[in-house]
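Novice: Residues per chain, in single letters:
Number of protein chains: 2
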Amino acid sequence: MTVIPNLNIVPFVSVDHMMKLVLRVGIDTFLRELADVVEEDFRRWESFDKTPRIASHSKEGVIELMPTSDGTLYGFKYVNGHPKNMKEGRQTVTAFGVLSDVGNGYPLLLTEMTILTALRTAATSAVAAKYLARKNARSMAIIGNGAQSEFQARAFKAILGVDTVRLFDIDRSASEKCARNLAGQGFTIEICDSAQSAVEGADIITTVTADKQYATILTDNMVGPGIHINAVGGDCPGKTELHRDILLRSDIFVEYPPQTRIEGEIQQLPADYPVTELWQVMTGEKQGRVSDRQITLFDSVGFATEDFSALRYVRSKLAATGLYTELDLLADPDEPRDLFGMLLRCEAALV
Amino acid sequence: MTVIPNLNIVPFVSVDHMMKLVLRVGIDTFLRELADVVEEDFRRWESFDKTPRIASHSKEGVIELMPTSDGTLYGFKYVNGHPKNMKEGRQTVTAFGVLSDVGNGYPLLLTEMTILTALRTAATSAVAAKYLARKNARSMAIIGNGAQSEFQARAFKAILGVDTVRLFDIDRSASEKCARNLAGQGFTIEICDSAQSAVEGADIITTVTADKQYATILTDNMVGPGIHINAVGGDCPGKTELHRDILLRSDIFVEYPPQTRIEGEIQQLPADYPVTELWQVMTGEKQGRVSDRQITLFDSVGFATEDFSALRYVRSKLAATGLYTELDLLADPDEPRDLFGMLLRCEAALV
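As you go down the protein sequences, you meet chains A and B in turn. Reminder that position 154 of the first sequence reads as 153 in numbering that gives the first Met the number 0, one-by-one numbering, no gaps. Reminder that position 61 of the second sequence reads as 60 in numbering that gives the first Met the number 0, one-by-one numbering, no gaps.
Derived from the structure by calculation, the hints contain no laboratory data. Treat the numbers as computed from the prediction; the structure is a model and nothing was measured. Some hints here could point you the wrong way.
As the list claims (entries may be wrong) - In the DMTMM-like style, the derived pairs of lysine to aspartate or glutamate whose C-alpha atoms are separated by at most 20 Å in a straight line are:
#1 B/K129 / B/D250
#2 B/K86 / A/D27
#3 B/K58 / A/D100
#4 A/K86 / B/D100
#5 A/K19 / B/E346
#6 B/K19 / A/D331
#7 A/K86 / B/D331
#8 B/K19 / A/E346
#9 B/K134 / B/D35
#10 A/K316 / A/D27
#11 A/K83 / B/E334
#12 B/K285 / B/D327
#13 A/K83 / A/D100
#14 B/K49 / B/E38
#15 B/K86 / A/D333
#16 A/K19 / B/D333
#17 A/K19 / B/D337
#18 A/K49 / A/E276
#19 A/K58 / B/D100
#20 A/K129 / A/D202
#21 A/K129 / A/D27
#22 B/K83 / A/D100
#23 B/K86 / B/D170
#24 B/K19 / A/D333
Could you build the full structure based on these sequences and the hints that come with them?
Specialist: Put into structure tokens, the structure is as follows:
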């Protein structure tokens, strides 16, 4: 089976195919393999053409395009963030993406990325924690138990062996949903009544709330020595989750500083406040965790290379699984300059 | 028939459906109606969120994202430009685009835009010429007879009544293809041996060549008084078609100056060289053509609002024609926070 049978055809992975692909590969294997690709691409950070995402903000939310290229492949993701969507039965975040051949500009893959983004975000969090959390970390508090929470739990279990999760959400039914979805998968699960209670005894704190505003999910007194904070939820200007004092006590690690300065927790800090780039920790240029009492913070906003990694990983699975359809997306006249002639021939065929 | 039957479904217009849509509406009517929408959107220029396109350049070509929004709808186009593609049997330019609801970020339409871009580029050229060419212009030289050439001819005929085309291409077979495709459609057609010969007696000169380099398609002596030049081919940094002296004798009209300064013919001129924005001519704020001896130049590079107009026009045709399919692009769990649960239920259903 060839992935690109005709020049006009682009393989398309629907939501249904993505679910089947994840299940065929296995959720844990998918997360582990995806994490490996994410890390591989972080390690060759300097080969990527990078730009902060292009955001179109409105009162209700944001629509973003996240392009990047390694000179051989080009990828971009379309993603929205609309916290009020949930009340209307819609996803806060939906996404789709495209991978293309830089050499000729033709798309090689169009795929849903709502599920894929949830997986890549979780895989990236876990990869970062591999370098930043204490080696013996087994317990994680998850503050915010929405659509991303179970993926975080599964990735931290698959990649770091975290087997205890302490859940808190301002809406208890979200925590109950999360606990239900994680049942029977080897976790010790506790639903907590407050963020304060959730972080007690946790080695890792993941914050993944959705409000589009400054919120203080974690206050300074809640964060003890040795903790790794995985701050996932703050991801646009004017949206943060952590009290500023926590940042000042932490060593801060980020994906792409020009984007994180605008969108991350560090928008609360001066523009020249020192942060470490995650890729430099992976390549050994910079240190990650250096002591068991250090507080580490991964101020994650999600970066285009992570989506690129996810697109590239999904594409690698297509031929073997056949879990895609063929989309007639590109005009392909027999003679490339004869686009108008193609229209005329279509007309003749219709008569 | 509703255009959005389910939250997970996005209407998709394939190349085949686009051709059928254009033919169902009629090529001339499609061009005229599309030109009206393009003009309507130019007239409300200030309501758009505008940015130069985001280009990823490589040795062989460019991949661009062109987003814009009017606060209610958001649109973007993915488009590549790879001049060498033609030799490999591929299109120099292929494109697809998405229109979305700003209120919730959900895509409303995914469509091929290779054919649609050819139509919108031609419609935009003709709309500009309506304001900039002499009223009695009936004859047009077309320099560069590739995929865009017939669309230009048809748009100028449908919208301005141009009925004589004088064709030149360095590859005569391209001119012959163009002449063949335009036969029997009410044109007087002449294939010329040189650009010099093509422009003789022409009221309008359209340059639409594809080389990704500085080229001098038109020299100063070839452009007489009263001419309108429709410069379509130069559309990236380092790619121009006109000798600088022509620019200095012309009144120059552009779409979006920050983008045209980088990509258009005026990249040959100082950054503060005076140009007029097309939308201001349409609204009457600025003058277009003021005399029959003036040389006008539409330095067109293609702007995101034109694609937005095209997306919005195509969407308006979907319900009545049914010429689309339904794409399972967006994850739509029954409970929006239960994305992981959707995966689990899919797993249960597969067993």
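Novice: Please go over all the hints and tell whether each is borne out by the structure.
Specialist: Tested hints:
1. B/K129 / B/D250: Satisfied, since the Cα-Cα distance of roughly 15 Å is no more than 20 Å.
2. B/K86 / A/D27: violated, 45 Å
3. B/K58 / A/D100: Within the cut-off at roughly 13 Å; holds.
4. A/K86 / B/D100: Status holds; Cα separation ~16 Å.
5. A/K19 / B/E346: holds, 8 Å
6. B/K19 / A/D331: The hint holds at about 15 Å.
7. A/K86 / B/D331: holds, 14 Å
8. B/K19 / A/E346: Holds. B/K19 to A/E346 sits at ~8 Å (cutoff 20 Å).
9. B/K134 / B/D35: Since the Cα atoms of B/K134 and B/D35 sit roughly 18 Å apart, the hinted pair holds (cutoff 20 Å).
10. A/K316 / A/D27: The given pair, whose Cα atoms are some 15 Å apart, holds under the 20 Å limit.
11. A/K83 / B/E334: holds, 14 Å
12. B/K285 / B/D327: violated, 47 Å
13. A/K83 / A/D100: Outside the cut-off at roughly 36 Å; violated.
14. B/K49 / B/E38: holds, 16 Å
15. B/K86 / A/D333: holds, 12 Å
16. A/K19 / B/D333: holds, 18 Å
17. A/K19 / B/D337: Given that 20 Å is the threshold and the Cα spacing comes to 17 Å, the pair holds.
18. A/K49 / A/E276: holds, 14 Å
19. A/K58 / B/D100: This hinted pair holds, its Cα atoms lying about 13 Å apart.
20. A/K129 / A/D202: Judged against 20 Å, a Cα distance of about 13 Å means the pair holds.
21. A/K129 / A/D27: holds, 16 Å
22. B/K83 / A/D100: holds, 14 Å
23. B/K86 / B/D170: holds, 13 Å
24. B/K19 / A/D333: Satisfied, since the Cα-Cα distance of roughly 18 Å is no more than 20 Å.
Checked against the numbered hints above, the structure breaks hints 2, 12, 13 and satisfies the rest.
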